[in-house]
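> Chain residues, written in single-letter form:
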Amino acid sequence: MTMAKPKYELILLKNMLQPGYTGSLADYERAGGYQALRKILGKVAPAEVTAMVTKSGLRGRGGAGFPAGIKWGFLPKDYQGPKYLCCNADESEPGTFKDRQLMERDPHQVLEGIAIACYAIGAETAYIYIRGEFVLGAKILEKAIAEARAAGYLGKNVLGAGVTIDVWVHRGAGAYICGEETALLESLEGKRGLPRVKPPFPATAGLYGKPTVINNVETLANLPHIITRGPEWFASIGSPPKSTGMRIFCVSGHVKRPGNYEVPMGITCRDLIFEHAGGMRSDKPLKAIIPGGASASFFTPEHLDVKLDFESVAQAGSMLGSGGVTVMEEGTSMVWAALRLMEFFHHESCGKCSPCREGSSWLVQTLRRIVNKRGRMQDLETLTDLCQNIAGRTVCAFGDAEVAPILSTLKYWRHEYEELIRTAEANGSSELLMPAAARH
Amino acid sequence: MMKTFNAWLKTIIFYEILIGMKATLGHLLRYKPITLQYPHEKRTLPDSYRGMLALLRYDDGTEKCVGCDLCEAACPSRVIKVISAEVPGEPTKRYSKEYYMDMTRCLFCGLCVDACPVDALGMTREYEWAVYDKRQLRLNKQQLLAIGDRSFPVREKRLELQHPNVAFFNVAFRQMPPKEG
Amino acid sequence: MVETVKLTIDGHHITVPKGTLVIEAARQVGVMVPHFCYHPKLKPDANCRMCLVEIEKMPKLQTACSTPAAEGMVVRTATTVVNEAHKSVLEFILANHPLDCPVCDQGGRCDLQDFSHEYTPTTSRFIEVKRVFPKEYFSPLIETQMNRCVQCLRCVRYCDEVMDVKALAPSGRGTMTEIKHFTHHELDCEFCGGCVQICPVGAITSRLSMYEFRPWMLKRADTVCTYCGDGCQITIQTKENQLIEVMSAQGAGRNNGDLCARGFFGYHVSTHPDRLQHPLIRRNGELVQATWEDALEWVAETAIRLKLAHGPNAFGGLIGARCTNEDLYLFQKFMRLVVGTNNIDSSARYGQINGVRALRRVQGTSRWTVTFDDIVSAEALLLVGTNVTETNPITGLKVKEAVKKRQATLLTIEALEPAVGTISNIANLAAHHFSVQPDGFKPAVLGLIKAVVEENLVSQPLAQKAPGYVQAVSEAVRRLSWQAIERATGSSSQSFIDATRSFTRTARAVILVGQGVLRAPDGSGLTATLLDLLLLTGHHGLPGCGVAPLAEENNDQGAVEMGAALEYLPGPSDANDQAARARLAQAWKEELPKGPGKSLMEMIEGARTGSLKAMFIVGENPAGSLPPSAGTMEALQSLDLLVCQELFLTETARLAHVVLPACSYAEKDGTFTNTEGHVQSVRHAIELIGESRPDWEILSALSVLMGYPLEYGDAKEIFKEIRSLIPGYGLLGPAPTPPRPDQAVVESYLKTGYSSGLAERYTLGERRAASGERKDFSLTLLVTQTLFHSGKFSTRAKGLLQVQAEGAFSLNPADGTRLGLAEGDRVRVSNDLGEMTTTVKLQDRVPVGLALFPEHFDQEARRLLRVSTDPATQVPYYKSASVKVEKAK
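Protein chains in written order, with our numbering: chain A, 1 to 440; chain B, 1 to 181; chain C, 1 to 889.
FYI, nobody ran anything at the bench for these hints, they're computed from the structure. Just so you know, not all the hints are guaranteed correct.
To be verified - Below 30 Å or equal to it, Euclidean Cα-Cα: the simulated BS3-like pairs (lysine-lysine) are:
#: 1; chain 1: C; residue 1: K57; chain 2: C; residue 2: K43
#: 2; chain 1: C; residue 1: K18; chain 2: A; residue 2: K77
#: 3; chain 1: A; residue 1: K55; chain 2: A; residue 2: K14
#: 4; chain 1: C; residue 1: K87; chain 2: B; residue 2: K97
#: 5; chain 1: A; residue 1: K198; chain 2: C; residue 2: K87
#: 6; chain 1: B; residue 1: K93; chain 2: C; residue 2: K219
#: 7; chain 1: C; residue 1: K166; chain 2: A; residue 2: K191
#: 8; chain 1: A; residue 1: K210; chain 2: C; residue 2: K41
#: 9; chain 1: C; residue 1: K180; chain 2: C; residue 2: K87
This structure is a prediction, so every number in the text was calculated from the model and none was measured.
Kindly produce the complete structure, drawing on both the sequences and the hints.
And the structure:
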């Protein structure tokens with residue numbers, strides 16, 4: 001992976017960029033690893049750890065951006081019985097590849113984060129739900145867990161503090177929806193990965209009906225640093241007070257140097273693309289940006305100066321999501337881009353809720369028709385209507401995610417759609433070519 | 001004076017009777033028959049004439065009827081009796097195993113034709129169905145198909161179905177409203 | 001006190017218990033929220049998104065089916081936004097729906113049809129290509145048409161949550177999701193028909209009635225299923241006197257709309273082509289068709305002649321417990337008054353009488369002191385000798401509901417291993433399971449009592465009230481050694497102690513006693529021992545606690561209560577209870593016959609020895625039920641008069657001098673009493689087949705010809721008489737009110753009553769071996785009931801025959817390996833009595849050393865069985881034999 005010379009002090013990617021760093025336990029310990037765990041285990045009360053994390057302002061790096069400390073605080077206070085921590089490593093969002101690097105290159109950083117989180121919420125068992133395709137990552141994690149267990153950082157009686165922390169790696173079977181936290185739990189329980197109806201939220205009835213916290217890999221990897229260097233330090237980075245800390249952005253698309261860039265929250269798109277990622281691939285000007293993974297709305301060049309933090313991006317009509325920034329240059333067909341994303345969502349729709357299940361196939365077929373120059377003007381209205389009918393009417397956020405690309409392209413590049421349709425009308429091919437038996 | 005004379009004149013020439021027989025007298029002199037000499041002469045039927053009912057086939061000779069019982073449900077005088085079943089050898093495909101119409105009761109309202117989802121029923125222009133034994137008016141499926149065959153020589157094309165499992169009947173031939181919005 | 005919340009739905013104010021879902025609250029005020037995936041029996045899944053409603057202070061529309069009502073909630077179900085949402089969701093659901101309503105059996109009662117008429121425009125904007133699934137063969141009884149599916153997953157959830165079968169699952173993703181079963185071969189499940197009933201569209205339909213009807217053509221009759229003792233309410237739907245289908249509405253009857261394979265698919269018996277349509281008289285050795293007048297006159301004449309010659313006690317009467325209470329009542333009245341004998345028995349003799357005797361002895365009731373509702377709300381359930389799913393499936397559902405939904409502790413003692421199979425296995429849900437051989441029920445129960453005594457779990461009030469009883473029982477169980485119990489049951493003493501602890505600490509406990517106990521030697525004694533267990537733990541007499549013997553035939557309980565047994569008069573009161581005799585004599589205006597009377601086995605013996613000259617047999621087939629070794633055939637053949645009232649020409653009817661065609665439950669009116677003692681109305685669904693007549697009408701006609709008229713206008717008149725004589729037959733309410741244990745009887749039992757037979761009840765003793773039975777064969781053959789049939793009656797139901805048409809010899813795979821047998825092998829099963837050839841089926845649930853064979857197809861298997869008769873209750877036992885198995889050449 002091509003990395004630019006770091007401009008800011010790196011936190012998460014720091015170790016792995018050291019020459020010769022292998023990600024082994026020895027390397028990690030040499031780099032000051034597991035100090036945070038030693039610092040708190042048996043010395044700081046779990047509630048205080050939670051308070052520290054809350055104070056640091058750390059927000060979920062998986063997509064929704066929910067404050068981690070507050071999430072932990074939702075667990076029932078006087079609950080006696082097993083609680084679980086799930087590490088969501090089912091990184092399936094197109095254009096996102098940060099967790100993979102964190103797990104493959106510096107697994108102990110993640111494990112230490114898991115251990116800290118387990119201690120803070122009082123969970124004795126943690127599951128890493130890793131995406132099925134990450135075979136290497138799973139292997140590395142297994143090895144790292146074995147190392148950590150041997151060294152007493154995991155297992156029974158961690159570091160002699162009388163705390164049990166067991167970590168298990170569970171490989172998914174390749175479904176995007178299992179990145180949704182309740183679907184992840186279902187899949188972990190051995191069932192069909194379908195999102196659950198909320199409430200009850202996982203914090204009260206999660207894995208096997210027990211209180212469960214689900215955190216993203218990057219979120220957990222931040223924990224050792226917050227503990228070691230203090231929440232105040234973390235809260236001072238980025239754009240406080242709402243979006244603190246560093247953030248790994250996965251830049252892909254038509255840029256010179258695609259890759260993972262750890263930058264403080266709140267830098268502008270322009271900075272990220274032109275300074276860090278080396279600018280556009282060719283001399284063609286920038287046309288569109290997806291700021292936060294495939295389920296975020298598109299940005300236009302006008303949005304280049306939007307600050308990449310949770311609030312600013314949301315205000316500009318998109319979301320920071322998983323931090324996958326995809327850049328497209330002039331000449332890219334936005335209708336085609338929308339279709340490409342829609343095909344992904346159609347393939348990954350789990351089929352639980354009617355609007356998403358039927359809507360995704362409908363949207364894909366209509367978009368495909370427009371791209372193939374067989375569209376009609378009414379289709380655009382139908383598309384908008386369908387998107388609005390899907391969004392907000394499904395069990396999970398997938399429904400909102402799948403319509404974002406279409407709605408935003410229709411908003412900014414409607415003329416491209418119209419152009420395709422006008423060609424179709426000129427050719428007379430907007431007449432239906434479907435067998436009539438299918439038309440009811 | 002004049003009034004009295006007119007009244008007297010009308011009385012002696014039976015004026016009212018003449019008025020009453022005006023049409024008769026007119027035709028007495030100018031003979032032009034208006035009665036049709038049926039069965040030697042037959043009337044021209046209006047275009048939407050509702051005559052004998054018939055079952056229809058597609059151009060390849062297959063029956064259109066899918067045995068859905070909707071004609072039976074629509075019939076106001078309980079003329080129709082459908083016994084539907086699965087086509088032997090073709091799982092889940094429905095057809096009418098037996099089909100009866102008791103034409104003694106039919107009032108030719110055409111509701112069954114309207115109700116048919118596959119246009120399997122038609123109203124022919126036949127009306128000469130006087131029989132000596134009214135039991136002959138209980139028509140079975142073969143008879144109804146025969147009526148259809150002779151009254152509708154031009155048959156509708158059987159559309160190649162998109163897939164045999166989608167629908168077992170030809171919806172496409174319905175005059176459907178255009179698919180706007 | 002249930003916590004309640006107040007909310008407003010479309011301007012209606014309503015107070016509902018906390019936790020009520022908005023959709024249910026809306027239904028209470030008469031607001032229908034459209035839905036597909038919601039079902040009151042299932043946990044909310046909120047996948048169809050049809051029930052979206054507007055709730056104040058919530059940003060998005062909420063699904064009414066998953067949102068619990070909260071205090072002060074304001075719900076609107078008919079705003080523009082909500083209507084738009086309904087419209088759009090329906091547009092999505094209809095996008096890929098084939099709209100083949102004209103050929104769909106659900107057309108006319110389809111939720112999707114109804115809602116689309118209400119909410120969507122008639123033309124869809126969907127102009128793309130519809131998704132299609134290739135048709136796959138599913139099963140002989142259930143048809144799927146996945147293109148019509150709306151993926152509400154109700155069938156999948158029902159199969160899992162209610163039935164615990166898990167035969168169905170969604171497969172594929174997104175639009176390509178379809179409901180499938182797991183295996184490559186056709187669907188193999190319990191065939192409860194729940195998926196057919198619960199499907200809101202035409203995706204899952206019944207093949208039995210496929211394309212035969214339109215919903216508006218059907219005539220409905222609410223009646224009661226005639227297969228097992230559960231007494232499920234079914235709605236028989238007919239079209240032009242043809243049985244079309246059976247359904248049971250949600251909330252209907254004691255079964256709450258749930259049915260089993262027998263109830264749902266077994267309805268074709270009544271219209272079977274073999275039904276007898278005319279009376280038959282034996283002339284020159286052949287049964288020939290006769291008129292009713294000839295047949296009845298001949299019977300009456302011969303009966304009067306025989307009565308004059310040999311006296312009334314040369315007559316015997318036997319009636320099947322599938323008859324209505326009216327038939328049973330009139331039959332015993334006919335035998336007692338018209339004939340004048342006490343030689344009366346019914347098929348309740350095979351087992352139910354054991355349970356009733358024990359209940360009467362210990363607590364003075366003749367029926368359960370609990371109801372199905374008590375089973376559902378029980379905290380601990382003990383199932384002894386009952387594979388409840390297969391014998392009483394709906395009671396099984398109540399147990400499943402108690403365990404799965406209400407976390408009750410389940411204890412099972414059964415000749416069954418917990419193993420996953422195509423049919424749900426109640427032992428899988430058990431917290432404590434004791435897998436025993438068919439003769440090991442008693443040691444296991446004694447093990448529990450020993451644990452109660454030794455762990456000092458005996459109820460203190462009882463110990464103070466009846467120290468003598470507690471002392472006697474304690475001493476009796478202390479005499480038994482744990483080693484002996486462990487040897488007899490194969491379970492450790494610790495497991496008994498653990499099970500007892502979890503049983504005793506609950507407040508509501510119900511013990512279900514099944515055929516393994518009731519139809520076995522000393523079934524009455526063991527049932528009384530189970531009552532001892534309940535007494536010792538202090539549960540006895542508490543609300544919702546009791547011992548419940550499960551009836552196998554639908555009116556076993558009614559047969560006993562109508563007095564169709566030699567030892568009971570209607571009531572039931574003991575036959576030598578002078579007060580009851582006097583009361584009855586006053587009502588009947590006639591003295592009751594004296595003398596002890598003969599039971600089933602005694603009657604057969606009497607016929608053989610010649611002391612019995614004539615028999616009236618109504619709807620019962622002893623020649624077909626009892627093994628040939630009992631000599632029933634020969635005995636019946638030697639009778640001077642054998643009159644059978646039957647639906648079919650059974651083995652017994654073939655021996656008769658006169659066969660009178662009776663009508664089935666689908667053609668007659670009356671009442672059935674189910675296993676919990678709930679009296680329910682049976683209503684005719686079709687007209688009488690041929691010249692058949694209800695049994696009571698035949699008996700009534702005979703009584704007139706025999707000079708002692710018992711005339712009734714209709715079944716209701718008989719029921720009126722029953723009502724005046726028998727407690728518990730007053731009002732036919734929606735739920736039974738169980739009797740309370742009679743404290744006087746309980747006290748007398750605790751004082752002295754317990755002692756008789758105590759020593760025998762509290763010994764481990766070997767199972768009483770039938771005379772001459774040799775134990776040197778390798779396997780124990782046990783003839784059992786299976787889920788898909790009930791007696792021999794259902795073997796004429798074409799639907800059930802498609803699921804199970806022949807018996808198979810079920811073995812544990814370990815035994816199979818030991819004997820070198822594989823699934824599907826033909827085997828020769830033999831012992832000193834005879835032999836049979838059958839097919840092997842390997843099942844994990846069969847314990848090692850045991851082989852099961854269904855009793856419904858036991859024509860051949862019966863040859864291997866011996867009969868032993870319980871000396872106390874005269875119950876014949878002929879269910880097991882030890883056999884040798886070898887591969888057939």
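> Indicate, hint by hint, whether the structure satisfies it.
Okay, the hints, checked on the actual structure:
Restraint check for K57 (chain C) and K43 (chain C): satisfied, since their Cα atoms lie roughly 25 Å apart, inside the 30 Å limit. Among the hinted pairs, K18 (chain C) with K77 (chain A) is consistent with the structure: their alpha-carbon atoms are about 23 Å apart, no more than 30 Å. Only pairs whose Cα atoms come within 30 Å are accepted, and K55 (chain A) paired with K14 (chain A) is accepted, the gap being roughly 23 Å. For the hint linking K87 (chain C) to K97 (chain B), the alpha-carbon distance of about 38 Å lies beyond 30 Å, and the restraint is violated.
Between the alpha carbons of K198 (chain A) and K87 (chain C) the distance comes to roughly 24 Å, so the proposed pair stays at or under 30 Å and holds. A C-alpha spacing of about 26 Å is found between K93 (chain B) and K219 (chain C), which places the hinted pair at or below 30 Å, so the restraint holds. Annotation: proposed proximity of K166 (chain C) to K191 (chain A) holds, straight-line Cα distance about 12 Å (limit 30 Å). Between the alpha carbons of K210 (chain A) and K41 (chain C) the distance comes to roughly 24 Å, so the proposed pair stays at or under 30 Å and holds.
Between the alpha carbons of K180 (chain C) and K87 (chain C) the distance comes to roughly 29 Å, so the proposed pair stays at or under 30 Å and holds.
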